[in-house]
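2 protein chains.
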Amino acid sequence: MKTAVFGTGIVGQTIASRLAGLGHDVTVGTRDVAGALARTGKDAMGNAPFADWHKQNASIKLAAFAQAASASEIIFNCTLGLGSVDAFKLAGDANLKGKIIVDISNPLDFSKGMPPSLSIVNTDSLGETIQRAFPETKVVKTLNTMVCFLMVNPAIVPGDHNVFVSGNDAAAKATVTKILNSFGWKEGNVLDLGDITTARGTEQLVSLWVRILGKLQTPMFNFNLVK
Amino acid sequence: MKTAVFGTGIVGQTIASRLAGLGHDVTVGTRDVAGALARTGKDAMGNAPFADWHKQNASIKLAAFAQAASASEIIFNCTLGLGSVDAFKLAGDANLKGKIIVDISNPLDFSKGMPPSLSIVNTDSLGETIQRAFPETKVVKTLNTMVCFLMVNPAIVPGDHNVFVSGNDAAAKATVTKILNSFGWKEGNVLDLGDITTARGTEQLVSLWVRILGKLQTPMFNFNLVK
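Chains as they are written, first to last, in this note's numbering: chain A, 50 to 276; chain B, 50 to 276.
Derived by calculation from the structure, the hints in this document are not laboratory data. Just so you know, not all the hints are guaranteed correct.
No copy is singled out in the list; a pair is fine if it fits within one copy or between any two copies.
Here are the simulated lysine-lysine pairs, DSBU-like style, with alpha carbons at most 35 Å apart [unchecked claim]: (1) LYS51 / LYS264; (2) LYS148 / LYS264; (3) LYS276 / LYS91; (4) LYS235 / LYS104; (5) LYS276 / LYS51; (6) LYS235 / LYS276; (7) LYS51 / LYS161; (8) LYS146 / LYS276; (9) LYS264 / LYS138; (10) LYS110 / LYS264; (11) LYS276 / LYS104; (12) LYS138 / LYS276; (13) LYS227 / LYS276; (14) LYS146 / LYS264; (15) LYS148 / LYS91; (16) LYS235 / LYS264; (17) LYS235 / LYS146.
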């Protein structure tokens, strides 16, 4: 498929590499192409600069948000949650119309210290916010409950564990579920929670996730629903 | 141990019966003893009236909050989250001083329809609210991430799955963990997340829990942390 990945950070890089490895056409979207390529030095999390990654992934295109959206059928939102709506505004309604947005981002607020809290009240979610702001898109919230390495390769953590899916459009969820399957997610481990309001549940799970991270001192874990 | 269980609903009944079955001295605390015994007919969830349960559990005492607290070393909070602080105010500081409060309750707000949202902002929790309001108690948040039947008998759901513990006092958490073990929780499945602020994580997990309940149409499930 023709895919766009919004965001040049480690989540965007990880998703983009995996999609390209699976044979998809991938364009990474960013606010400032020249700026993304000009950055040197590691980021706050110790990751190498984007340009280094891009050299090693030369088949992946880099473009401004609008151009990346225009070239794609499906857009993975890997921007920071606080900047996601602005990124899609820069993409422009005409380039978004009818497209699937796979919303991986969480509305994390680091301004009150660590661990972060959510910047959105618990009767709303980032997934719903994006769907409301861009009503002609089909937002599917998924993958936001784990570290990015696990998103694209669930077998890193042995055994069964879950990825959740939320969205209003059944066909869009089916398309995204097929991509999840291609990432390695077994059919039975993908749990469709219902419409986009159920993204409140998975975004609020992040509040527990960051505390388990603090306890285990590794992000290589996930939750398995047992019944 | 001398235990009190605040709340006459199905959660309080389930915890009280289990504690009594394990040989503990149990007093159920309520706002209005005569009123609790006088209620007839099923509650909103279809549970039998308290008096019916009390006849079948004659060894369990019933008393006003203050008397129940006074008679106990440890108090299980099984009141509705919106009424928990008021219940402990009625118990009175003198009767609470130095006691362990096992906070099982969630701050659920049903006023905006189903599923409920949390009545407390995501930078706070009910566990912290109770600890702040009653600083001479030792609040341990636990068991609030599952249906009550599972709290006292985790084997109802086969295999490994987790119960979380949050609290500021290590000795209080050790005491509560022993009680959890006696309920059937294996050592390795009890996860101490840290201080009482980590209750934000487990209370916000409830936002996902209610949506999985809606999807599965059964509350007989739990989460297992895999790594």
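Quiz item: Which of the numbered hints are not met once you compare them with the structure shown?
Solution: Failing hints, ascending: 7, 8, 10, 12.
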